[in-house]
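Following our numbering, the numbering of the sequence shown begins with 1 at its first residue and continues without gaps.
There may be inaccurate statements among the hints.
Label-pair ranges, simulated between beta-carbon atoms [unchecked claim]: (1) Ala-122 / Met-98: 27 to 33 Å; (2) Lys-14 / Leu-62: 27 to 33 Å; (3) Glu-118 / Arg-34: 26 to 32 Å; (4) Gly-105 / Cys-44: 23 to 29 Å; (5) Ser-4 / Ser-117: 25 to 31 Å; (6) Glu-91 / Pro-35: 21 to 27 Å; (7) Gln-94 / Ala-128: 30 to 36 Å.
Once the Cα atoms are required to be at most 30 Å apart in a straight line, the calculated BS3-like pairs of lysine-lysine come out as [as the list claims (entries may be wrong)]: (8) Lys-15 / Lys-132; (9) Lys-121 / Lys-14; (10) Lys-14 / Lys-24; (11) Lys-132 / Lys-24; (12) Lys-121 / Lys-15; (13) Lys-132 / Lys-14; (14) Lys-24 / Lys-121; (15) Lys-8 / Lys-24; (16) Lys-121 / Lys-132.
Simulated from the structure, these hints should not be mistaken for lab results.
A virtual CB, placed ideally from N, CA and C, is assigned to each residue, including glycine.
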Amino acid sequence: MEKSMFDKGFENRKKVLGAQHVEKSWAAADDFNRPIQELVTAYCWGEVWGREGLPHATRSMLNIAMLSVMNRNHELGLHVRGALRNGVTVEQIQEILMQVAIYGGVPASLEAFRVASEAIKAYNAEVAEAAKT
């Protein structure tokens, strides 16, 4: 029996965003917001991120650009860390944000650089902490 889209999405979501973050988000879901968590997990992370047409690193790079242009900073920070987990380099993230300046606007790019810088530091601290154990 094929895995449900929710199960597939939950695995993809943990792989990209980190198991701790996803488990915490799921545990915090309540009767009001659980339906959107289920939809995002099955549809976004299962149906779309589960497709084989693009590798996760490419999807991460696209998300960084789109979230930067839309000024969705909380999601941007999560996806910068996810991109690093997917093998996207800091230099590639920098290049994406430079391109955002041209096609999405300098203010959006400046804010995205700020968010990305914080996310990169947090990711590096997480990796250093994990290496200690």
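List of violated hint numbers, smallest to largest: 1, 2, 5, 6, 7
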